[in-house]
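Let the hints inform the model, and build the full structure from the sequences given.
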Amino acid sequence: MNIFRLIFQNLCRGPVSFRLPHKHECTSDQYRGLIVNDAERCVGCGLCAYVCPTAAIEVTRSGETYRWAYDPGKCTFCGRCLERCKPHTLSMESQLPPLYSTEGELRTVLDMVRKRPVRPAAAPAAAVDKPAAASVTEAAPVTTPAASTEPAV
Amino acid sequence: MNLSGLIHFFVFPGLLFAIPAGWFYVWGERKAVARMQRRIGPPLLQPFYDFVKLLGKRTPSRHGIEADLLRLWPAISVLSMIGAIAMLPVFPGGRGFSGDAVLLVALLELPSICFILAGFTSGSIYGEIGAIREAVLSVANNLVFLLSIVTIAVTERTFRLTDMAGGSWNPGHWIGVFGILLCIPAKLRLNPFSTSSAEQEIYSGPLTEYAGAALAMWELAHGLEWVALTGFVTTLVVPAGGPWWFRAVYFVVVSFAQVLLLSTIAAATARFTLQRAIRFYWRWAAILAVLIASSAVYMRYRG
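The listed protein sequences derive, respectively, from chains A and B.
Quick note, the first sequence lines up with residues 1 to 153 if you use this note's numbering.
Quick note, the second sequence lines up with residues 1 to 303 if you use this note's numbering.
Derived from the structure by calculation, the hints contain no laboratory data.
A few of these clues could be false.
Claimed, not checked - Below, a list of computed lysine-lysine pairs in the DSSO-like style, where the Cα atoms sit at most 30 Å apart: (1) B/LYS57 with A/LYS74; (2) A/LYS74 with A/LYS86; (3) B/LYS31 with A/LYS74; (4) B/LYS57 with B/LYS31; (5) A/LYS74 with A/LYS115; (6) B/LYS31 with B/LYS53.
Here the structure is a predicted model, which means the values were calculated and not measured.
The structure is reproduced here in structure tokens:
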């Protein structure tokens, strides 16, 4: 009869689940949430789209501009795009993705101008060769901590 | 059919009452089990939402006699259950006819037969396994079910539902009600007798190949089974007399109390294997039922 005692205790304690939509704080800052792209620093290399196993990220180029599109509905939150992103412009939110009911509702599209990739450790000679950095993005050093680019486990 | 009969069929306890009541009982069972497992459970209108959602689904097209039969079985189940519910003597009066309890038993058994036929019609191996399990379980629990009804009938000296109804103080009557209650989990395919519609093992058995409107009809038939079976027990224990509104409220309250009782049993038990379920009905319950029925017959002809 232990089961009936357990059932009675469960009834007294109340439910531990919750009704959706429900917002609660994510306990881990390593949580793999939505992919966020820093448009100021993205160079449009397309590596993220190349390695994405579900084609959640698409990069389409036309001349000097390119379009970076991300569909969370297709994303498996594996973090491969973050691993491959050389300028470390991609990051993952530590919040739960919001609930949505329409296909493509959370789709993010960024239209950007192509920039030249930044070499992480530029030699002084190279710096002399290119004294006038054309854009802020190229001049800005990549200072994103390595820990934040690692996918959460 | 006179006006009273039409009201019974279309309004209360028939069509207009039975369908929302079926959804309500299904919700009650799901909610109660969820709370016993510390889950929040579905909202009140969830069975209705499920029904509407299934009605709107596009289903894979089937052709030929198989498609017609797969649509026919749930429709027969729904109609037979509405007929059974309309026959329940909720209100006192001279409705019904001599031996209508036999017709009620037949109508109550039709969904189970349709469930078996649906399994074989589907052509799915899971459907066939579920159908075989349902057939074996049906034979097992019907022995006890029929003997319980015979016990009540012999005790009350009638097979007329209006005369069988009412809370008689005869012990045979109450033992018969207890026997019927023992069979309801198997008839509703609830734990521990849910082996024929085991979701995790055989993908709901005969319902594996069902989708869309036909599955919605099965869900509706299941809700109506709840109303019919719990309502049948309620009419057997409802006290004689009283105003109509009291009997209507009593019908709903006692039926829902049975829903909670059956939900508790379902939450507290694991699924029996087929052999164990048969053993339960044929070894213990059937022996008890035969003893009670034979003693009722003996007392009937002795006194």
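Checked hints:
Of the supplied pair hints, the one linking B/LYS57 and A/LYS74 holds, its CA atoms being roughly 23 Å apart against a limit of 30 Å. Between A/LYS74 and A/LYS86 the CA atoms are separated by roughly 23 Å; this keeps the pair inside 30 Å, and the hint holds. Pair hint B/LYS31 plus A/LYS74 does not hold up; C-alpha atoms about 33 Å apart against a cutoff of 30 Å. Using a Cα cut-off of 30 Å, the hinted pair B/LYS57 and B/LYS31 holds, with the two alpha carbons roughly 25 Å apart.
The suggested pairing of A/LYS74 with A/LYS115 holds, with an alpha-carbon distance near 27 Å, which does not exceed 30 Å. This hinted pair checks out: B/LYS31 and B/LYS53 have alpha carbons roughly 20 Å apart, not beyond 30 Å.
Checked against the numbered hints given earlier, this structure breaks only hint 3.
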